[in-house]
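Quick one: dock chain against chain with the hints and give me the complex.
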Amino acid sequence: DTGVSQDPRHKITKRGQNVTFRCDPISEHNRLYWYRQTLGQGPEFLTYFQNEAQLEKSRLLSDRFSAERPKGSFSTLEIQRTEQGDSAMYLCASGSRDSISYEQYFGPGTRLTVT
Amino acid sequence: GQNIDQPTEMTATEGAIVQINCTYQTSGFNGLFWYQQHAGEAPTFLSYNVLDGLEEKGRFSSFLSRSKGYSYLLLKELQMKDSASYLCAVRSRGGATNKLIFGTGTLLAVQP
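Chains as they are written, first to last, in this note's numbering: chain Y, 1 to 115; chain P, 1001 to 1112.
Just chain P, with the same shape it has in the complex (with noise of 0.2 Å):
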């Protein structure tokens, strides 16, 4: 089966740092994504990870755990316009698609 968890909600402050953490059960695994869906809009990619370890861009950092089916998004120096939702996908290994399995999705409110 495929399974795929995170926090449905989430508060943090202006300046400072959250941690949006994943777990995933899936039948197969080919990389993990972040996205960020603001309201009404379309999901941006903001990371990849396929193997162990920590993958940094700017204020956004990704860890995975394949041995763990755990990954973490890392959001620093949090701004207002960082207030949105955020998606953790999984690509599943097998078939020609490449397709994604989403989470439900961590929603972010950052507060002044």
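Looking at chain Y on its own, in the form it has when it is part of the complex (with noise of 0.2 Å):
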């Protein structure tokens, strides 16, 4: 399978702890994108990297959110001393830069609770 993949699917976490989650993009994206999506909402963008450059970071992510992509494949999205209100679907797309549409691929998310 060539899509997005996420690991984990499932987190449950208490608050204060500090949580990471993995996105592989399809192989020849050049485009990465972080969403977070709450029930009943559309999700929204967090963050952009093009190859390894993280371009575009969204006001939603305050100090405690940090996310690479350290050699332009994976990106790692990074929660520390996490809170209740950060439970919510983290969703993760890739997309390329061929693409006239810039189409985005989504991959299953990561569905994080913080109790």
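By construction, these hints were calculated from the structure, which means they are not laboratory data. Since the model is a prediction, treat every value here as computed from it, not as a measurement. No residue lacks a Cβ here, since even glycine has one placed at the ideal position from N, Cα and C. One thing to keep in mind: the hints can contain errors.
[Claimed, not checked] Partner residues are not named here, just some residues of chain Y that face chain P (Cβ under 7 Å, in silico): (1) 41; (2) 48; (3) 85; (4) 88; (5) 102; (6) 103; (7) 106.
[Stated by the list, open to error] Chain P regions said to be covered by chain Y (calculated; three or more residues, Cβ under 8 Å): (8) 1043–1056; (9) 1098–1112.
[As the list claims (entries may be wrong)] Residues from chain P shown here face chain Y by an in silico Cβ test under 10 Å; the list is partial: (10) 1013; (11) 1023; (12) 1025; (13) 1030; (14) 1065; (15) 1087; (16) 1088; (17) 1089; (18) 1091.
Structure follows, in structure tokens:
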């Protein structure tokens, strides 16, 4: 399967703990996005990588959030000192600069529950 | 500001046609996308419009009017498996990201 993959699919953690999620994009895609989605809402943009460069971060991404894409392939999203408000589905999407529409392909997401 | 509006819920009958509307007000416009999302799953791409008019793809069609800030997704010959949330998303012009700004989604229930 050559789609976008994310790990883990589910994560339950206690408030104050740190968590890290991984995203593996489609192999030839140089664009990588992180979004957050809460129940009944559409995805909200968090951050964007073009190759290994992080080109944009949303104001939603507080100092407790950090994302990396060290070799321009997989990416990680870390949340430090988790809060209950961080509970959400974290979606990763990738895209190719060769696509005229800049279509984004989404992974299955990591559902985070902070207790 | 950025604002994308679509109905929260719709109900339709198997075999029928349903139209899901989306209006948008964004600081720039560089294309409109429709995604389908089944409960607990990732959004999957349905259609893309950047010019005015209708784009048809099998049972799904999408229309765009840039002057009116309006789009719709038309689903024909509805099937039970079409029960899902349908997300309208705008790609804003400017910057390098081509990030998508999503509406809240329209939850479609297809009934027998």
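How the hints compare with the structure:
Interface restraint check for residue 41 of chain Y: the shortest CB-CB distance to chain P comes to about 5 Å, inside 7 Å, so the restraint holds. Evaluation of the residue 48 of chain Y hint against chain P yields a held restraint, the C-beta minimum of about 4 Å falling below 7 Å. Against a cut-off of 7 Å between C-beta atoms, the interface hint on residue 85 of chain Y is violated, since the closest Cβ of chain P lies about 18 Å away. Taking 7 Å as the C-beta cut-off, the interface hint given for residue 88 of chain Y is violated, the closest approach to chain P being about 13 Å.
Because the closest C-beta pair between residue 102 of chain Y and chain P is about 4 Å apart, less than 7 Å, the hint holds. With 7 Å as the threshold, the beta carbon of residue 103 of chain Y comes within range of chain P, its nearest partner Cβ sitting at about 6 Å, so the hint holds. The restraint placing residue 106 of chain Y at the interface with chain P holds, with a minimum CB-CB distance near 4 Å, inside the 7 Å limit. Figure legend: the segment 1043–1056 of chain P, annotated as covered by chain Y; annotation consistent (5 residues with Cβ-Cβ distances under 8 Å, at least 3 required).
Proximity of the segment 1098–1112 of chain P to chain Y, defined as three or more residues with a beta carbon under 8 Å from a beta carbon of that chain, is established by the 8 residues found. For residue 1013 of chain P, the suggested interface contact is broken, since its CB lies about 24 Å from the closest CB of chain Y, more than 10 Å. Because the smallest distance between the Cβ of residue 1023 of chain P and any Cβ of chain Y comes to about 14 Å, over 10 Å, the interface hint for this residue is violated. A hinted interface residue such as residue 1025 of chain P counts as satisfied when its beta carbon comes closer than 10 Å to some beta carbon of chain Y; here the least separation is about 15 Å, so the hint is violated.
Interface restraint check: residue 1030 of chain P against chain Y, minimum CB-CB distance 8 Å, threshold 10 Å, status holds. The closest approach between the C-beta of residue 1065 of chain P and any C-beta of chain Y is roughly 18 Å, which is over the 10 Å cut-off, so the hint fails. Hint status for residue 1087 of chain P relative to chain Y: holds, with the closest Cβ pair at about 5 Å, below 10 Å. Taken as an interface hint, residue 1088 of chain P checks out: its beta carbon lies about 8 Å from the nearest beta carbon of chain Y, inside 10 Å.
With a least beta-carbon distance of about 7 Å to chain Y, the hint placing residue 1089 of chain P at the interface is held under the 10 Å criterion. Among the interface hints, the one on residue 1091 of chain P holds; its C-beta lies about 7 Å from the nearest C-beta in chain Y, closer than the 10 Å criterion.
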